Amino acid sequence: MSGKDGTAGAERRQPKDIDEIRQTIERCVMCGLCLANCPTYKAILSERISARGRAFLIGKETLDETYFHCTLCKACDVMCPAGVPLSEAIRRMRELMVERGLRIEANERMIGNIRKHGNPFGETKKGEIPKDLYCC
Amino acid sequence: MEQDLKKRMGRIVGEGNVSDSANDRLTFATDASQIEGKASLVVWPTSAEQVHRIIVYANRHDVPLVLRGSGTGLSGGAVPDDSVVVSFVRMDRILRINLKERWAEVEPGVILDDLNAVLRRHGLYFPVVPSSHEVASVGGVISTDAVGVRGVKYGRASDWIEELTVIDGTGKPLVLKKDRIRDFAGSEGVCGAIIGARLRLAAPLGRTTATLHAFGTMDDLIFEYRRIMARQDVTAVEFWDRTTARLLGMDERHYLFVEFESDAGKVKDASEIARLWKRRDAIAPTLGSKGFTLLEDPKVPLEELPTLIGWLSENGIPAFGHIGYGIVHPRFPKEKKDLIPKMFRLVKEIGGEVTGEHGIGIYKKEFVPEGTVRRIRELKRRYDPKGIINRGKIV
Ligand SMILES: Cc1cc2nc3c(=O)[nH]c(=O)nc-3n(C[C@H](O)[C@H](O)[C@H](O)COP(=O)(O)OP(=O)(O)OC[C@H]3O[C@@H](n4cnc5c(N)ncnc54)[C@H](O)[C@@H]3O)c2cc1C
Ligand code: SF4
Ligand code: SF4
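Residue numbers (our numbering), protein chains in the order written: chain A, 1 to 136; chain B, 1 to 395.
Check before you lean on any hint, since a few could be wrong.
Keeping only pairs whose Cα atoms sit at most 16 Å apart, straight-line, the calculated EDC-like set for lysine to aspartate or glutamate is [what the hints assert, rightly or not]:
#	chain 1	residue 1	chain 2	residue 2
1	B	K299	B	E349
2	B	K177	B	E105
3	B	K290	A	E26
4	B	K386	B	D62
5	A	K60	B	E36
6	B	K334	A	E26
7	B	K177	B	D159
8	A	K42	B	D113
9	A	K42	B	D114
Per the computed footprint, the stretches of chain A lying under chain B, defined by three or more beta-carbons under 8 Å from a beta-carbon of chain B, are [claimed, not checked]:
#	stretch
10	25 to 35
11	57 to 68
Label pairs and their in silico Cβ distance ranges [claimed, not checked]:
#	chain 1	residue 1	chain 2	residue 2	range
12	A	P39	B	R96	24 to 32 Å
13	B	D263	A	I129	27 to 35 Å
14	A	N119	B	D263	53 to 61 Å
No lab work stands behind these hints: they were computed from the structure. Model, not experiment: these values are computed from the prediction. Where a beta carbon is used, it is the ideal one built from N, C-alpha and C, also for glycine.
Construct the entire structure; sequences and hints are all you get.
Pasting the structure below:
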């Protein structure tokens with residue numbers, strides 16, 4: 001996948017399945033309180049790479065690689081006063097993207113490395129720190 | 001043109017601090033007001049110098065800018081109108097703390113709770129804490145002249161500013177003191193960007209205790225409130241009405257939550273007090289999640305509070321707020337939106353104001369008092385005559 005938000009070439013709206021996921025977070029009021037503990041927001045300081053941003057994009061039924069950046073730590077679920085089960089919705093968005101063949105490059109590399117080298121980091125020599133670190 | 005603009009902004013802020021990606025623009029096109037606008041580009045300056053260059057460029061080329069902190073504003077103040085969003089969240093340094101004179105110099109993107117976590121280590125405290133303190137930025141708090149939940153003791157943001165460093169709408173850097181601070185504090189970013197603030201600090205609260213009272217009538221609640229306010233040790237007084245209580249799953253009564261900086265409250269255990277605060281802070285979003293999504297903030301004289309609450313109850317609208325400041329937060333469901341202008345009319349009839357703390361933004365433009373319109377127009381003429389910054393806001 002190419003493009004800044006990783007959706008270039010992807011079908012942007014997938015109403016049927018996404019609509020189901022969207023309904024699970026309908027209670028989100030965009031208050032932003034979940035930004036407080038979201039580790040990806042704290043690191044990047046961008047709405048798109050944040051809990052609230054992900055909720056908004058799901059609300060708009062939009063695919064984006066941000067769902068893969070999420071650590072699924074559930075801090076947003078804990079923080080949310082409205083009880084929005086956001087991390088589960090994000091996990092389902094990921095699933096849906098994978099089903100549609102919309103994995104991000106990091107996933108591809110990690111999966112390739114596991115297949116080839118038995119670990120997600122690629123070829124590693126003893127005592128050497130891996131050059132690429134992937135998680136999730 | 002947009003590509004060109006991105007390139008030019010990139011030259012100012014660095015490539016990693018500008019984005020025209022569709023989904024960045026989408027997520028920056030709204031805020032906690034849930035009003036949706038259109039962002040043409042997002043830039044994250046990381047220094048005062050960069051903000052200066054952005055505004056100078058915008059002036060020269062007539063590029064509209066909208067200024068944004070954490071986007072927790074409830075009136076759409078940070079919602080772009082086909083403008084470039086200038087996000088201050090990457091300008092988040094605490095520059096200096098003077099322990100002896102009790103002040104701190106900060107950049108606008110510092111988050112209130114982060115600031116207070118650092119200050120606590122030095123035995124100091126910035127006391128204006130709105131319920132959004134975990135997320136709200138200093139720039140946003142100043143621009144909206146926010147009232148914290150401890151407003152009865154500490155007042156508003158503008159009461160705690162010694163000096164503001166700003167870049168006005170023409171690109172001119174200014175250092176504002178005394179009366180001129182209020183030109184920017186409370187004018188919701190329409191004059192220009194706050195790029196630094198010297199904040200006065202307080203000693204941290206001593207040990208606090210709290211009491212949660214429940215009443216059958218608003219008159220009884222007000223009676224108790226007046227009695228409590230005769231004391232010197234009250235740090236916060238919040239209320240929520242019976243409709244709110246019902247929706248929160250509590251007994252259907254009117255509640256008064258009082259925090260004391262003494263042993264006077266019934267609840268003494270710190271974690272229990274923190275739990276009560278968490279419950280108070282959660283009221284707005286919890287009501288929102290039950291369909292009461294439209295949050296208002298009229299300010300009414302205390303003796304008229306029962307009139308307003310009575311009217312709201314009759315219409316099934318829950319309300320809560322900072323009673324010590326006369327600020328009420330009714331929450332309306334979308335399908336009862338038509339009641340809002342009726343409420344504003346009632347608020348005016350009983351001698352109140354349509355907004356006590358959330359500001360006017362886009363949302364309350366049609367209800368702005370004539371005096372405010374004149375004042376904002378005058379400020380605009382002085383600081384942003386071309387209307388580059390936060391266009392379409394307030395006036
Ligand atoms: C759950 C919840 C509870 C809240 N509780 C309270 C409360 O108790 N009291 C209260 O007063 N408010 C409250 N608010 C409203 C809001 O949190 C405050 O207005 C807060 O101060 C906004 O800060 P922000 O960083 O999110 O600003 P934003 O929403 O990003 O911006 C607010 C305004 O400030 C302007 N602005 C932002 N940064 C700058 C800058 N550097 N220079 C110039 N202009 C700038 C923007 O253009 C906009 O007009 C609450 C909101 C929520 C969601
Ligand atoms: S997910 Fe919850 S905390 Fe986050 S913006 Fe939505 S309502 Fe607020
Ligand atoms: S689960 Fe994902 S969205 Fe939620 S707080 Fe963690 S990283 Fe952020």
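Hints, one by one, checked against the model:
A distance of roughly 12 Å separates the Cα atoms of K299 of chain B and E349 of chain B; the hinted pair therefore holds under the 16 Å criterion. Taking the CA atoms of K177 of chain B and E105 of chain B, the gap is near 14 Å; set against the 16 Å cutoff, the hint holds. This hinted pair checks out: K290 of chain B and E26 of chain A have alpha carbons roughly 10 Å apart, not beyond 16 Å. Restraint check: the Cα-Cα separation between K386 of chain B and D62 of chain B comes to about 8 Å, which is no more than 16 Å; the hinted pair holds.
Pair hint K60 of chain A plus E36 of chain B holds up; C-alpha atoms about 12 Å apart against a cutoff of 16 Å. Between the alpha carbons of K334 of chain B and E26 of chain A the distance comes to roughly 14 Å, so the proposed pair stays at or under 16 Å and holds. Restraint check for K177 of chain B and D159 of chain B: the C-alpha separation of about 12 Å stays at or below 16 Å, so the hint holds. For the hint pairing K42 of chain A with D113 of chain B, the CA-to-CA distance comes to about 13 Å; that is within 16 Å, so the pair holds.
This hinted pair checks out: K42 of chain A and D114 of chain B have alpha carbons roughly 12 Å apart, not beyond 16 Å. Judged by the Cβ-Cβ criterion of 8 Å, the stretch 25 to 35 of chain A is covered by chain B as claimed, because 8 of its residues qualify and three suffice. Taking a C-beta to C-beta cut-off of 8 Å, the stretch 57 to 68 of chain A contributes 5 residues in contact with chain B, enough for the three needed, and the coverage statement holds. Between P39 of chain A and R96 of chain B the C-beta distance comes to about 28 Å, which sits within the given range of 24 to 32 Å.
For D263 of chain B and I129 of chain A, the hinted distance range of 27 to 35 Å is not satisfied, since their beta carbons lie about 56 Å from each other. Evaluation of the 53 to 61 Å hint for N119 of chain A and D263 of chain B yields a pass: the beta carbon distance comes to about 59 Å.
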